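There are 2 protein chains.
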Amino acid sequence: MFKQPYSIQFSLPKWIPDFVNETLTIRNIRNIEDRMSFIIEASRRNVLEKTGGPFAAGIFEIESGKLISIGVNLVTTQGSSILHAEMIAIAIAQRKLGTYDLGGEGIAQHELVTSAEPCAMCFGAIPWSGVRRVVTAAKDADVRNIGFDEGPKVTDWKKELTDRQIEVLFEIKRTEAQQVLNEYLQVGGRVYNSRESS
Amino acid sequence: MFKQPYSIQFSLPKWIPDFVNETLTIRNIRNIEDRMSFIIEASRRNVLEKTGGPFAAGIFEIESGKLISIGVNLVTTQGSSILHAEMIAIAIAQRKLGTYDLGGEGIAQHELVTSAEPCAMCFGAIPWSGVRRVVTAAKDADVRNIGFDEGPKVTDWKKELTDRQIEVLFEIKRTEAQQVLNEYLQVGGRVYNSRESS
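Chain order of the listed sequences is A and B.
Per the numbering used here, the very first residue in the first sequence carries number 1; after that it's consecutive.
Per the numbering used here, the very first residue in the second sequence carries number 1; after that it's consecutive.
One or more hints might be untrue.
In the PhoX-like style, the derived pairs of lysine-lysine whose C-alpha atoms are separated by at most 25 angstroms in a straight line are [what the hints assert, rightly or not]:
id : chain 1 : residue 1 : chain 2 : residue 2
1  : A       : Lys3      : B       : Lys158
2  : B       : Lys50     : B       : Lys3
3  : A       : Lys158    : B       : Lys50
4  : A       : Lys3      : B       : Lys159
5  : A       : Lys96     : B       : Lys66
6  : B       : Lys159    : A       : Lys158
7  : A       : Lys14     : A       : Lys50
8  : B       : Lys159    : B       : Lys139
9  : B       : Lys158    : B       : Lys50
10 : B       : Lys139    : B       : Lys96
11 : B       : Lys50     : A       : Lys66
12 : B       : Lys3      : A       : Lys14
13 : A       : Lys158    : A       : Lys139
14 : A       : Lys66     : A       : Lys14
15 : A       : Lys96     : A       : Lys14
16 : B       : Lys159    : A       : Lys159
17 : A       : Lys3      : B       : Lys139
18 : B       : Lys66     : A       : Lys3
19 : B       : Lys14     : A       : Lys159
20 : B       : Lys96     : A       : Lys14
21 : A       : Lys139    : A       : Lys159
22 : B       : Lys50     : A       : Lys96
Note that these hints are calculated values from the structure, not bench results.
Please read these numbers as outputs of a predicted model, since none were measured by experiment.
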């Protein structure tokens, strides 16, 4: 008889609630740089706590700067290759707001703020999520530079998104994000990859 | 104080266990066409039960034909845009086998059998999953033909995968899969999409 798990649960690290409530001293983060610094700080904490890869992402209301969800990379610690920070931030925001479409009628417009440019999977997930803006820090090249593979991405991912009316802001606080990537190497973080990647 | 779900659970439809155990009369499915027919039948059942979009996917051991996991599209019913059939099949297989890498040392080689060519997100998820082969039925054009958007995909997704040593078999039982897509329209299934898609 065939057996498989008929439900799957994944959980964020235990440090997340305290981190958010200690770091997020104001309700809404008006400034895009400050939103990114908060997300990069979450990626650093994920490294220090050894709860996953050096990546974090969040969903914010674009206009108000209200944080809706935060996700961190959990691939190695929760045992699934789909658990990139962006996927988790999107899934949690959708669960919290009760919709699979973060750009639906009657709700605020949302953005994905992520500490690094999205890999091929997360890039592909963005149009389905309903976010109207994507904000990134570390470049694709920075991520590859510490040994991570970004996967087979379209030639101009920014254009593909803007063609779909999704605004892209990039290299916001890039240097801060690069520092976290380097810290991950320094603490001996695991660089997992697909097979036969360069 | 900030609040969000700190764990997320998604569940497969209740009909799945009985479906699998009634349909899978043999332990291992030797023939690739038969594996695909089984997956297409799951996609049909997902349409008839109205538990999601007209898509199903499974992870099999390539050599033995042993089914490891089955997933169906749950976007509208479980409220998350990341819950495509392929993502679910991958996540469940990884949970079942206790690894984020289905191509790791010491385990059998695995394949993803999916009733339609992968969208941009699922395509990007494939290299991370560790599968060594991808088998598809309906073409990208068939999916677009009933109004679904496949997202911004690379120009030649098959080449990108084969370049990474992932074999691709396509148009296996395409006509059967097309029928299910049409049945979805006939029963008034919801065609959800990203914004501003063609």
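Cross-check of the supplied hints:
Straight-line distance between C-alpha atoms of Lys3 (chain A) and Lys158 (chain B) comes to about 31 angstroms, which puts the hinted pair past the 25 angstroms bound. Distance hint between Lys50 (chain B) and Lys3 (chain B) is unfulfilled; the C-alpha atoms sit about 32 angstroms from each other, more than 25 angstroms. Of the supplied pair hints, the one linking Lys158 (chain A) and Lys50 (chain B) is violated, its CA atoms being roughly 36 angstroms apart against a limit of 25 angstroms. For the suggested pair Lys3 (chain A) and Lys159 (chain B), the alpha carbons sit about 34 angstroms apart, so the restraint of at most 25 angstroms is broken.
Annotation: proposed proximity of Lys96 (chain A) to Lys66 (chain B) is violated, straight-line Cα distance about 37 angstroms (limit 25 angstroms). As the CA atoms of Lys159 (chain B) and Lys158 (chain A) are separated by approximately 22 angstroms, the hinted pair is consistent with the 25 angstroms bound. About 12 angstroms separates the Cα atoms of Lys14 (chain A) and Lys50 (chain A), which keeps this hinted pair within 25 angstroms; it holds. A C-alpha spacing of about 16 angstroms is found between Lys159 (chain B) and Lys139 (chain B), which places the hinted pair at or below 25 angstroms, so the restraint holds.
Distance restraint check for Lys158 (chain B) and Lys50 (chain B): the Cα-Cα separation of roughly 31 angstroms exceeds the 25 angstroms cut-off, and the hinted pair is therefore not satisfied. A threshold of 25 angstroms between alpha carbons decides the hint, and for Lys139 (chain B) with Lys96 (chain B) the separation of about 29 angstroms lies outside it, so the pair is violated. Only pairs whose Cα atoms come within 25 angstroms are accepted, and Lys50 (chain B) paired with Lys66 (chain A) is rejected, the gap being roughly 35 angstroms. Distance check on the hinted pair: Lys3 (chain B) and Lys14 (chain A) sit about 14 angstroms apart at the alpha-carbon level, within 25 angstroms; holds.
With a CA separation close to 12 angstroms, the supplied pair Lys158 (chain A) and Lys139 (chain A) stays within the 25 angstroms bound. Pair hint Lys66 (chain A) plus Lys14 (chain A) holds up; C-alpha atoms about 22 angstroms apart against a cutoff of 25 angstroms. With a CA separation close to 18 angstroms, the supplied pair Lys96 (chain A) and Lys14 (chain A) stays within the 25 angstroms bound. Note on Lys159 (chain B) and Lys159 (chain A): the hinted pairing holds, with a Cα-Cα distance of about 22 angstroms set against a maximum of 25 angstroms.
Proximity of Lys3 (chain A) to Lys139 (chain B) is assessed by CA-CA distance (about 30 angstroms); at most 25 angstroms being required, the pair is judged violated. Straight-line distance between C-alpha atoms of Lys66 (chain B) and Lys3 (chain A) comes to about 12 angstroms, which keeps the hinted pair within the 25 angstroms bound. For the given pair, Lys14 (chain B) sits about 41 angstroms from Lys159 (chain A) by alpha-carbon distance, which is inconsistent with the 25 angstroms threshold. Taken as a hint, the Lys96 (chain B) and Lys14 (chain A) pair is honoured in the structure, with Cα atoms around 24 angstroms apart against an allowance of 25 angstroms.
Our distance criterion of 25 angstroms between C-alpha atoms is met by Lys139 (chain A) and Lys159 (chain A), whose separation comes to about 16 angstroms. Taking the CA atoms of Lys50 (chain B) and Lys96 (chain A), the gap is near 23 angstroms; set against the 25 angstroms cutoff, the hint holds.
Checked against the numbered hints above, the structure breaks hints 1, 2, 3, 4, 5, 9, 10, 11, 17 and 19 and satisfies the rest.
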